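A.B. asks: Given next are the chains, with one letter for each unit.
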Amino acid sequence: MSTKTELQQLSSKSKSSILAKLKAQVSGADYSKLPVEMAYEYPELSHQQQLELFTNNLTANHAQVINTSKESIERIVAEELSKRNLNKILIGTNSEYKDGLSAQLEVQEYDFDLQQNKPYLFNEVAASLSTSLCSIAQTGTIVLWPDENEPRTLSLVPPVHFVIVDAQKLYPSFSDVLVKQKWQQNMPTNIVFISGPSKTADIQQTLAYGAHGPKELVVLLINV
Amino acid sequence: MLNIHEQESKYAESARKFRKNVDRDLANQELRSNFRGAMDYLMDKRKTAFPEQDELETLRRQAQLIKQRCLLKLPHLLEELEQNLTKNGIHVHWAETPAQANEMIAQLIASKKGKTVVKGKSMVSEETALNDYLEQRDIECLESDMGEFIVQLAKEHPSHIIMPAIHQNKKQVADLFSGNINDFEHTTDVDALIQQGRKTLREKFCNADVGISGVNFAVAETGTLCLVENEGNGRMCTTVPDLHIAITGIEKVVEHMADIPPLLSLLTRSATGQIISTYFNMISSPRKKGEKDGPEEVHLVLLDNGRSQAFADDELRQTLQCIRCGTCMNHCPVYTRIGGHAYGTVYPGPIGKIVSPHMLGLEATSNLPTASSLCGACGEVCPVKIPIPKLLLRLRKESVKPESQQPVIMKGQGSGRTTLEASIWKAWSLVHKVPALYRLSMFMVTRFRFLIPNKLGGWTSVRTAPKPAARTLHERLRERK
Ligand code: SF4
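Quick mapping for you: the protein sequence lines, in order, are chains A and B.
Using our numbering, the letters of the first sequence map in sequence onto residues -3 to 220.
Using our numbering, the letters of the second sequence map in sequence onto residues 104 to 584.
Source of the hints: derived by calculation from the structure; they are not laboratory data.
For clarity, every value in this text was computed on a predicted model and none was experimentally measured.
Virtual Cβ for every residue (Gly too), placed ideally from N, Cα, C.
Among these hints, one or two may not hold up.
Stated by the list, open to error - Label pairs and their calculated CB-CB ranges: (1) B:T161 / A:Q181: 55 to 63 Å; (2) A:K29 / B:L105: 41 to 49 Å; (3) B:Q156 / A:E40: 15 to 23 Å; (4) B:I378 / A:Q181: 50 to 58 Å; (5) B:D294 / A:K165: 46 to 54 Å; (6) B:E182 / A:N119: 20 to 28 Å; (7) B:Q156 / A:A122: 41 to 49 Å; (8) B:S136 / A:V220: 28 to 36 Å; (9) B:T161 / A:P184: 30 to 38 Å; (10) A:K79 / B:S136: 37 to 45 Å; (11) A:Q180 / B:D147: 52 to 60 Å; (12) A:P184 / B:I378: 23 to 31 Å; (13) B:S281 / A:E37: 50 to 58 Å; (14) A:E37 / B:P569: 48 to 56 Å.
Build the full structure now, drawing on both the sequences and the hints.
C.D. replies: Set out below in structure tokens:
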């Protein structure tokens, strides 16, 4: 018998045993009479207040938030990079910002498979730019929905991550996003919430940034 | 060929030494001040994260009900989870014991000819002592959470479930790095220490064949694995290597995606006082066609390890509501003083005292539920309202119940029972049932009170011995008439 079959047999044996034990306890349970789960009603905030909260939360978590217009994105990215003595950036494929950025910077598209390019991504890319799906005011969170154009590691491996956030797609809370966007119906491979640069307090409760992910998170908030 | 040797967990052995461990760690001043400082910091952080009592209590009640509903539906949710994960392309494996889980993981790694593993924080893999197991198979398994990395370098175990290296201060970490990492320039600057860790680990992420992670919530309705973290190592482990294996306890499943927001909010705020963690990572499938990164294969190992035993009793089932925030430790006066290692178990502190007996049996752990002043702080801060003090009392009872008494609720029932203690209580109850006996015994106690010794073992090590009155209250009241 192959190991794989053996593993499957072991797993299904364990499964039946675990489920039988659990089912014996709750077989007669009446699910129609469960107590009401009351959620807390948060005060309603105006769009302006939400924007403020979003920005404050992100700033408190050490992210840099820059208010901008869509037209100025490329210029600001170039400026911010030059402040850091950088002139290269990794972006997603089919990016609408490609041409504008290429005029001022050395632009690399994420048009490769990670498997063959790990050393490149880990050792040679200093900064990246990604877009976002939406954002959440209550926690200062940016929601990324990575895809073929903007892979998961685009926002993870490079030490400086620029992310474009549209102020029009700001929601008050996570619960609210789920109600409005109904992700439950079709989950992508990965969704990631980002609420600041990577950090840790694992050594003597002292906060340090850039633990494993980006050391800097620069949020380009399209607000005009 | 599978190679499964069921053997006693190494933690059973260390849990049996609880009292010795306590003496050792109470005497360690540096350790005590490390814990004191850390716990004060964490309690303070939590307090500021919940400015509104009203919000906190509403959230706690909601979370308690969510977890109770999910437990009531647990077997069905596990089936639904498996169905949806499988539909999404994630393989599910069921393990009753740590030995089974370890062997499954080792075989999955072998099937890909994996040699190097990077691991994100996973307390369940500590439960199974996975690192030891893989090491014996010549598979390098490197911890990548900064705290876990430190603990692994020091050849220790985590002393806290959220902050594994909380027992060490920066000087100790610096010395550790000096002794273990080539070309590390000794410094106690925390930023520099973290940058050193980053450098070492990035190389590993880049080259690892396999990533192993835990799971904070598994969503049944969508087949989604959720991971909460600040560092990004969890994202690395689950994205960069070709094979991702997640391992979790069967109680981590929730019914709906909509159950997550209140649980997540309570988790991070209770744990570290953060309104949200830096990353919240939701994984629903392996790499799809056309995608340029992410693992080709994703597996989930569901582990029982005593959880179904806790499940079988309505009261003890509440143990499984736990979302592993660690705040019961932070607020525990016993944990703060003895630290996390003294317990000898994977999960220390109040949660450890109520969950470890199910994993290791009461025989190895019967001391743990007694190591509490029952001050109630743990139950008061627990975000899912587990009545921890009540469960401690319950476990004390189970541990002194006669071995043969039915129904047997727990492995190791009655192992804390001694004939002496049992007969004392028997005599006590007899004396209180028969008035003549009661009067006689009171008469004896008052008249022969001078016979009570000054030293009464452990009782008088920190107290003076009790002295009965010269006459009983009954006698004195009778005289007043
Ligand atoms: S028992 Fe409650 S307070 Fe303790 S770790 Fe679990 S959820 Fe947190």
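A.B. asks: Each of the hints needs a verdict: does it hold here or not?
C.D. replies: Hint-by-hint comparison with the structure:
A beta carbon spacing of about 28 Å between T161 (chain B) and Q181 (chain A) contradicts the range 55 to 63 Å that was offered as a hint. Here the CB-CB span from K29 (chain A) to L105 (chain B) is close to 44 Å, well matched to the stated 41 to 49 Å. Taking 15 to 23 Å as the suggested C-beta distance range, the pair Q156 (chain B) and E40 (chain A) conforms, at roughly 21 Å. A C-beta distance of roughly 28 Å is found between I378 (chain B) and Q181 (chain A), which places it outside the suggested range of 50 to 58 Å.
Judged by the Cβ atoms, the range 46 to 54 Å given for D294 (chain B) and K165 (chain A) is violated: they are separated by roughly 35 Å. For the pair E182 (chain B) and N119 (chain A), the beta carbons lie near 45 Å from each other, so the given range of 20 to 28 Å is not met. Between Q156 (chain B) and A122 (chain A) the C-beta distance comes to about 46 Å, which sits within the given range of 41 to 49 Å. For S136 (chain B) and V220 (chain A), the hinted distance range of 28 to 36 Å is not satisfied, since their beta carbons lie about 52 Å from each other.
Between T161 (chain B) and P184 (chain A) the CB atoms are about 32 Å apart, so this pair conforms to the stated range of 30 to 38 Å. As the Cβ distance of K79 (chain A) to S136 (chain B) is approximately 42 Å, the hint placing it in 37 to 45 Å holds. Separated by about 37 Å at the C-beta atoms, Q180 (chain A) and D147 (chain B) break the suggested range of 52 to 60 Å. Between P184 (chain A) and I378 (chain B) the CB atoms are about 25 Å apart, so this pair conforms to the stated range of 23 to 31 Å.
Taking the beta carbon of each, S281 (chain B) and E37 (chain A) are about 54 Å apart, inside 50 to 58 Å as hinted. Here the CB-CB span from E37 (chain A) to P569 (chain B) is close to 55 Å, well matched to the stated 48 to 56 Å.
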